[in-house]
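**Student:** As they're listed, the protein sequences go chains A, B, C, D and E. Be aware that the first sequence starts at 1, since it is given in our numbering, and climbs by one per residue. Be aware that the second sequence starts at 1, since it is given in our numbering, and climbs by one per residue. Be aware that the third sequence starts at 1, since it is given in our numbering, and climbs by one per residue. Be aware that the fourth sequence starts at 1, since it is given in our numbering, and climbs by one per residue. Be aware that the fifth sequence starts at 1, since it is given in our numbering, and climbs by one per residue.
Mixed in with the good hints there might be a few duds.
Said to hold, decoys possible - Derived BS3-like pairs (lysine-lysine); straight-line CA-CA distance at most 30 angstroms:
no.: 1; chain 1: D; residue 1: K349; chain 2: B; residue 2: K478
no.: 2; chain 1: C; residue 1: K7; chain 2: C; residue 2: K303
no.: 3; chain 1: B; residue 1: K512; chain 2: D; residue 2: K314
Since the hints were made in silico from the structure, they are not lab data. Please read these numbers as outputs of a predicted model, since none were measured by experiment.
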Amino acid sequence: MAGKTIEIIKTKRKVPEALRQRHKEYLGLRKKIREALADGEATIPQISQKTGIPADQVVFLVMTLRKYDEIVAGDMDDMDEYYYYKLSEK
Amino acid sequence: MSKEPESKEKRIGVYICRCGSNIADYVDVEKVCTEIKNEKNVRLSRVMMFACADSSQKDIIADIRNEPLDAIVVASCSPKLHLHTFRAVAERGGLNPFNYVQVNIREQSSWAHSDHPDQATEKALDLIKAGIARVSLSEPLNPITIPAENSVLILGAGVAGMRSAIELADLGSQVYLVDREFFVGGRVAQWGKMATTDQTGEELVKSLYQQIRNRRNIKVYTGAHVISSKGSIGNFDVQIKVIPRYVEPPCDPEGFSKAMEACPVTVDDEFNFGLTKRKAIFHNFRSEFPAFPVIDMAVCTRCGICARYCQGINLDQKEEIVQIHAGTIFLATGFNPYEPRKGEFGYGQLPNVISLQQLKRLLELTTGEFRFRDKKIGSVAFIYCVGSRQMDGDNKYCSRYCCTSAIHAALQLRQEFHVSNIYHLNKGIRTYGKQEILYEQSSRAGDIYLQFIEDEPPVVEANGEKARLTINDILSDKHEISLLADLVVLVTGMVPRENNDLNRILKVPIGKDKFYNEIHPKLRPVETVIDGLVISGCCQGPRNIHESVGSALAEVAKVYNVINKGEIQLEPTLAVVDPAVCEWCGKCAEACPFDAIEKVQAEKGWVAQVIEGNCKGCGMCTPVCPTNAIDIKGYSNREIRSMIVAMSA
Amino acid sequence: MSELDPKFAREILKFGDGTFSACYNCGNCTAVCNLANNDNTFPRRLIRFSVLGLKDQIDASLDPWLCYYCGDCSTTCPRNANPGDLMMTLRRYLSSSYDWTGLARKFYTSKVFELTAIFILALFILLLFVFFHGPMTTELTPDGGVQLNTFAPWKTIEAGDWIMAGFLSFFLLSNIFNMYLKVIWRRKDLKIPVSLYFSELRHLIIHFFSQWRFSDCETNQDSFFTKVKNGEYTYWFVHFLLMSSYVLLFTMIVGFLYWFQTDEIHPWWHPQRLLGYYSTFGLLLGTIYFIVLRIKKQNEKSKNSHYTDWTFLTLLFLTTLTGILVHLFRIGGLPMATYYMYVLHLMILFPMLMIEVPFSKWSHLAYRPFAIYFSNVIMAAQQKTSQK
Amino acid sequence: MEQNMKNSSVKVADTLILGGGIAGLEAALNLANTGHQVVIVEKDLSIGGRMIHLSKVFPTLDCSACITTPKVSEASRHPGIHIQVNTGAKKLAFDAKGHWHVHVQTEPRFVNESLCTGCQDCERACPVVVKDEYQYNLVGRKVAYIPFSIASPRIAAIDIENCILCGACEKACVPGAIDFSQEPVQTEWIVKSVIIASGFTLFDPDQIERYGGGKFKNVVTAMQMERQLVPTRPFNTVLRPGDGKIPDKVAYVLCAGSRDGTVGNPICSQICCMYSIKQAQLILGALPMADVTVYYLHIRSFGKGFDEFYQQAKKMDVSFIKGKIGKISELENGDLMLRYEDIASGKIKEAKHDMVVLSVGILANRDIEKISGLENLELDPFHYLKQRQEMSNPFKTNLPGIFMAGTASGPMDIPDSILSAGAVSAMVTKYNKGFVESIINSLTISSWNE
Amino acid sequence: MSTFPHKILVFSTEKISDPAIDLAGLMKLHYPAAAHVIVLPCSSAVRPEWIMLAFETGYAGVFIAADGSDCPYGESCITKTAKIVERTHLLMKAKGITTNRLQMAAVCSVCAELFVRQMTLFSEELSLATTNAD
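Sequences and hints are given; from them, build the entire structure.
**Tutor:** Laid out in structure tokens, this is it:
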């Protein structure tokens with residue numbers, strides 16, 4: 001059955017529209033954050049300012065992307081307040 | 001390298017798992033497999049998709065039988081996941097499970113070094129070589145069993161001891177319940193009404209002792225103490241000395257009361273904390289157990305008057321020494337209430353300053369109006385943390401039970417004896433958990449709580465017949481508040497009982513707080529570093545009654561696991577001494593945290609020997625041996641050295 | 001050093017039910033209170049004084065008057081000790097403690113005493129009218145109204161008013177003076193320059209009229225209009241309406257009775273009628289509003305009603321109601337009804353004023369602004385001393 | 001005895017344990033070591049309960065995972081222990097012979113347990129991100145995921161509620177372990193005794209409006225802080241979730257949801273003081289420049305070594321202030337203003353902190369009440385299981401053969417939970433042993449026979 | 001023919017530090033592959049002669065991933081492991097081996113990152129030492 005069972009579940013479940021929307025939104029936010037980091041490292045407030053995404057959401061997204069190796073953490077800023085984040089080289 | 005011992009010729013099979021692509025993506029498994037084939041002793045080497053899969057397991061078993069193989073190595077994931085799977089495979093194939101070695105090339109090679117696949121491959125090869133080297137030297141090991149007596153010696157017949165005695169007896173163990181006092185029940189017998197159920201200590205003790213009487217496999221010794229102990233887990237030999245009661249059956253109650261009346265010796269009754277007097281011949285309360293009075297020989301003048309009234313009295317009884325053979329020793333020796341220093345908050349100086357324990361007795365002995373020293377009591381002040389949380393003294397710990405207990409007593413004073421003015425001078429109330437409700441009830445009913453600063457305790461002075469207390473109350477901006485009370489109750493904490501002889505004989509580990517110490521509060525909360533010596537109740541640290549009972553039952557579970565089969569199974573990975581090489585120096589015994597090494601006489605002189613029941617196989621003894629005479633099975637000097645060499649290439 | 005007095009808490013409990021002894025001194029009530037500050041740290045401090053029985057501290061405290069009972073302390077009290085209700089109870093206690101006659105204490109602690117007093121005072125009015133009333137003419141005025149001034153000439157009534165007002169002022173002022181003695185005079189640590197009494201006087205006036213501290217109870221960041229829309233000012237507004245109506249009517253009755261109690265029927269837009277209607281409307285709406293709140297018990301400050309709250313509201317409501325009826329009967333040309341109703345009106349009005357104004361609930365109208373005034377005087381004085 | 005039907009089966013064991021947290025595991029190991037057949041039914045995807053998620057534990061500061069994981073692995077390979085994760089009890093019934101019939105349902109995880117190797121290929125392939133409940137929502141996780149790194153079993157699962165059915169995981173899985181055809185599986189366990197070790201739930205501080213009602217970004221719960229202090233932590237360091245700033249003034253607000261009649265929980269949660277003191281010490285270890293202030297009512301460091309631990313925190317310069325936080329307001333930069341009465345001075349104070357930790361209390365796990373057949377189970381006023389004979393037979397319910405362990409009976413710390421599990425093991429051992437003789441005789445209450 | 005110029009022998013412990021090293025792999029945290037691990041029950045079972053053997057057979061460094069206070073065999077592990085290091089340092093001095101080639105740190109069962117950091121630093125130190133020596 002390997003590789004085919006997805007078809008089975010598709011007959012039983014419908015994906016709610018809200019779920020698709022949320023996923024699309026996530027992909028959009030992820031893209032924005034990746035773009036913001038394309039020219040170099042930035043702190044959370046800097047990313048928030050560049051992208052217009054509220055800082056707490058940026059924290060969530062950056063940390064999630066860090067967890068899945070898309071982003072790596074760098075050094076602290078001069079004030080020892082924030083870390084810099086950059087895209088991982090992969 | 002020539003001095004490394006040559007490994008025996010073994011027929012070894014090596015299996016390298018691809019783990020789907022998890023290993024194979026980074027480790028060149030085919031290359032590893034080919035190279036391994038050339039290693040010494042290796043009969044075959046195979047790559048598998050999933051070594052743990054059922055079909056693969058069957059293949060391995062077939063190889064073991066067909067080749068046949070003496071030992072196998074599986075290079076796959078962490079042994080934490082599948083060591084036991086493959087040990088079982090080896091066993092099913094007919095090998096000793098210790099002739100199997102698992103090499104971790106997933107967590108510790110492919111995944112950790114996915115950034116450098118070539119290095120991951122190289123490392124995997126090194127690790128497998130080490131595994132082969134180890135398995136070449138591995139010896140078949142079998143679990144060790146030592147006989148264990150299915151009997152328990154319980155020291156201390158308080159609620160913890162009694163409750164566990166009943167449970168163990170019901171589970172089929174022979175129980176010896178030993179108490180230093182002449183009556184069982186410990187501190188709880190003295191306690192009166194208990195928070196939060198309002199059952200009395202007397203009732204609880206009574207019901208427990210009735211259960212004990214109904215069980216044939218519990219033997220009770222009162223007035224007895226340990227004088228020597230030998231042996232280790234499974235087989236302790238303990239000698240106890242039993243002091244006679246000088247009263248034996250038959251002893252009719254009437255004769256006894258007359259004898260008690262007639263006895264000319266009067267002393268303070270310790271059971272009532274000196275609030276009342278007793279005679280040299282005495283009992284505690286009517287339902288005491290054993291239901292026999294005692295003559296206190298320390299104060300008895302042997303005048304013989306009592307014998308005229310009561311036939312059971314026999315002043316010629318002799319002390320007895322009893323031998324007990326027990327699989328485990330249970331310590332439930334309980335606590336002593338902290339005895340305030342003379343002058344501590346007026347204790348021993350002011351007539352109306354008493355301890356919480358005294359108050360609890362007083363509440364038990366009082367009916368009708370609440371009076372103390374013939375004076376009606378209208379106001380009571382409690383001072384908390386006496387003997388606990390000391391800033392200057394030794395007792396840094398919190399005694400845990402006292403806040404709730406004092407508040408419970410206060411509620412009893414208010415509800416049963418209509419004492420309307422009750423003050424609590426505390427250091428921060430600690431009615432944890434559901435006990436908080438008692439605190440709320442008491443303050444809602446009008447008890448007044450004042451809190452003093454940690455290093456500024458309240459002052460107690462005499463004021464006519466009353467006591468005047470002065471406190472800097474934190475709750476009123478440290479305003480100095482003064483109040484008058486008819487009775488001052490010092491809420492005294494717990495200290496361990498003085499058992500110096502017992503502690504010395506059994507080598508009980510003692511913590512910083514002077515209570516008995518467990519190995520680990522979470523991993524092994526009732527065991528001590530001495531195997532077979534377990535602790536519960538308040539000898540381990542302050543607790544309330546149901547927590548004590550809980551810990552006692554937890555102890556039963558642990559002990560029952562160990563002794564119920566009549567033998568103890570131990571992991572075979574224990575220390576072993578080569579008596580030919582050993583020249584007893586005692587260093588291993590010193591290093592062992594479990595007292596697992598003893599000195600024995602061999603032909604050539606003293607040598608060390610491992611007490612297998614105590615050994616945990618940690619290996620702390622091995623590096624200290626100057627002659628390399630001691631080893632851990634499964635991690636032997638030879639095996640590890642061979643691994644170091646094998647990986648070095 | 002203070003002596004703990006366990007009996008005092010029981011004494012306070014005579015002035016209202018209280019669960020304050022359940023307090024475990026977390027300080028939440030003081031921290032959530034918008035009106036509390038470091039010069040007036042309440043309610044926990046007062047709970048503490050009450051529990052420990054520190055009578056002198058409570059007697060000298062102005063804090064209960066500074067509380068406007070928004071109820072936040074009570075709704076958030078983890079022990080359900082109801083600090084807000086204690087503040088109310090303490091206001092009753094303090095009213096009694098200021099009152100040197102001892103009557104306030106009697107009114108607050110004995111229902112029987114209060115009802116008897118009301119009855120006696122009503123009887124007194126009744127008897128006055130029975131013996132001294134003017135002719136009960138059924139002849140109507142040219143406008144078709146009743147000749148009330150013939151039955152009860154405004155000059156006589158006014159004289160009575162003045163005598164009554166004299167009594168009221170005497171008691172109230174002497175009580176306020178007593179309050180002054182307790183809160184300022186007896187405090188040894190205070191040195192108050194006389195000038196401060198004048199410079200801080202504005203607080204007395206402003207707060208007497210506006211009761212503005214009420215609005216400080218609200219802290220959310222909404223705009224004024226949203227707050228109005230959400231009904232956040234309703235309580236203050238109704239209270240203000242009631243209070244202003246009362247003051248207005250009291251002033252008209254005592255000071256301008258000749259103008260107010262007239263047999264003429266003015267056109268509806270006449271200031272006398274408009275002011276009268278405003279006051280009647282205010283009183284009617286106010287009393288009904290507060291009665292409904294107290295029956296519904298939905299918000300914290302209306303949950304715990306003392307019997308004196310009920311007597312006061314009932315008397316005020318009945319006064320208003322009978323007042324309206326007098327007016328209606330008079331302009332409706334019903335002479336006998338007007339006269340009886342007038343007597344009944346005064347039978348209710350008189351005990352209400354005599355009991356409530358100096359001795360009971362209504363006295364807070366004076367104590368509150370004075371408390372703010374005194375507290376500002378004290379603060380200003382302390383500031384001056386600390387500056388030195 | 002096994003009569004296997006398609007998605008349901010009947011099996012026999014000695015004891016069934018509801019809940020695979022530390023108490024359940026300890027009891028299971030004790031019982032299995034004495035020769036009982038034990039089933040652990042765990043509703044979560046992994047056993048280990050709350051404890052496996054904690055950082056270090058008071059007062060010894062040893063690492064929580066180091067204590068839990070050996071027990072977890074010992075239990076999972078013990079021949080006497082059968083573990084069913086992702087499984088809930090639906091119904092209990094008592095039969096005439098005194099056995100309990102426990103009907104449990106295993107929800108599909110859509111991953112074949114015997115094929116999954118825990119390699120996380122599916123997780124990397126999955127495109128959908130949702131909040132990670134195991135990291136208390138601080139960070140995201142995929143919909144196909146390994147619950148957490150030290151989960152046991154370390155097997156993937158698919159969170160079907162959030163799945164967009166793209167099939168990427170199935171393509172990525174080499175051993176072919178993904179199986180969307182799974183259906184719920186019913187098992188009926190016939191056992192002699194049942195231990196309820198269902199643990200506690202955490203108080204939800206969002207209902208406290210004056211602490212921000214969940215809206216302030218830099219107000220976190222103690223569990224969220226706990227995760228930030230664990231080696232497998234979501235941010236790899238301690239950061240404010242509002243903007244990723246390294247906090248330097250952290251406040252602990254004790255009794256958030258405990259000892260508070262207004263939220264319906266008047267009792268003390270027993271652990272918050274100590275875990276807050278512990279976290280304070282750990283924060284000072286992680287951020288040596290930080291200030292930590294603990295706002296408390298009474299510090300309840302009552303256990304063995306606890307008061308010493310409290311004194312140690314004071315020596316490390318953790319500030320302790322007596323006074324309940326009345327309200328918190330959020331400033332523009334995300335900092336928080338705390339208003340409280342400093343009880344020691346009697347002054348109202350306002351303190352600015354850049355991060356606030358609410359030391360939330362614990363509540364009874366009321367899922368037990370939803371299991372049919374347990375309607376007669378006695379609870380205490382706080383919805384914990386009632387101990388019938390607290391003094392002599394603790395941890396016994398009013399129903400025959402049903403026992404409790406750990407926080408099912410009330411708030412308690414880890415050592416006490418472990419002790420309670422030990423105590424229950426002894427009682428259950430005896431109960432199972434004397435099962436035939438004593439229980440049949442005591443079957444006087446007929447209502448459960450039905 | 002080893003690809004590892006600076007091989008590190010790591011002694012880990014079954015219950016505590018080895019799970020952390022596994023966890024490092026699980027979390028795909030990279031550390032030098034030159035680190036090769038031998039598992040023991042407890043870090044205070046490491047024999048100084050093993051360490052010396054490692055130096056003799058060409059390892060650049062030896063690292064003891066100790067139990068620290070988490071040791072299931074009791075707290076004495078800390079001091080005992082420290083003693084072993086102390087004794088070995090003496091042996092190393094006698095042989096002219098710089099003592100920083102033997103290092104120790106307590107690694108708790110989930111301290112994967114700590115282990116990675118230790119390995120990376122140790123490896124750098126070792127390669128630096130050899131280049132300097134060259």
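**Student:** Please go over all the hints and tell whether each is borne out by the structure.
**Tutor:** So, going through the hints one by one against the coordinates:
{"no.": "1", "hint": "K349(D) x K478(B)", "in the structure": "holds (17 angstroms)"}
{"no.": "2", "hint": "K7(C) x K303(C)", "in the structure": "holds (27 angstroms)"}
{"no.": "3", "hint": "K512(B) x K314(D)", "in the structure": "holds (19 angstroms)"}
Hint compliance for this structure: no hint is broken.
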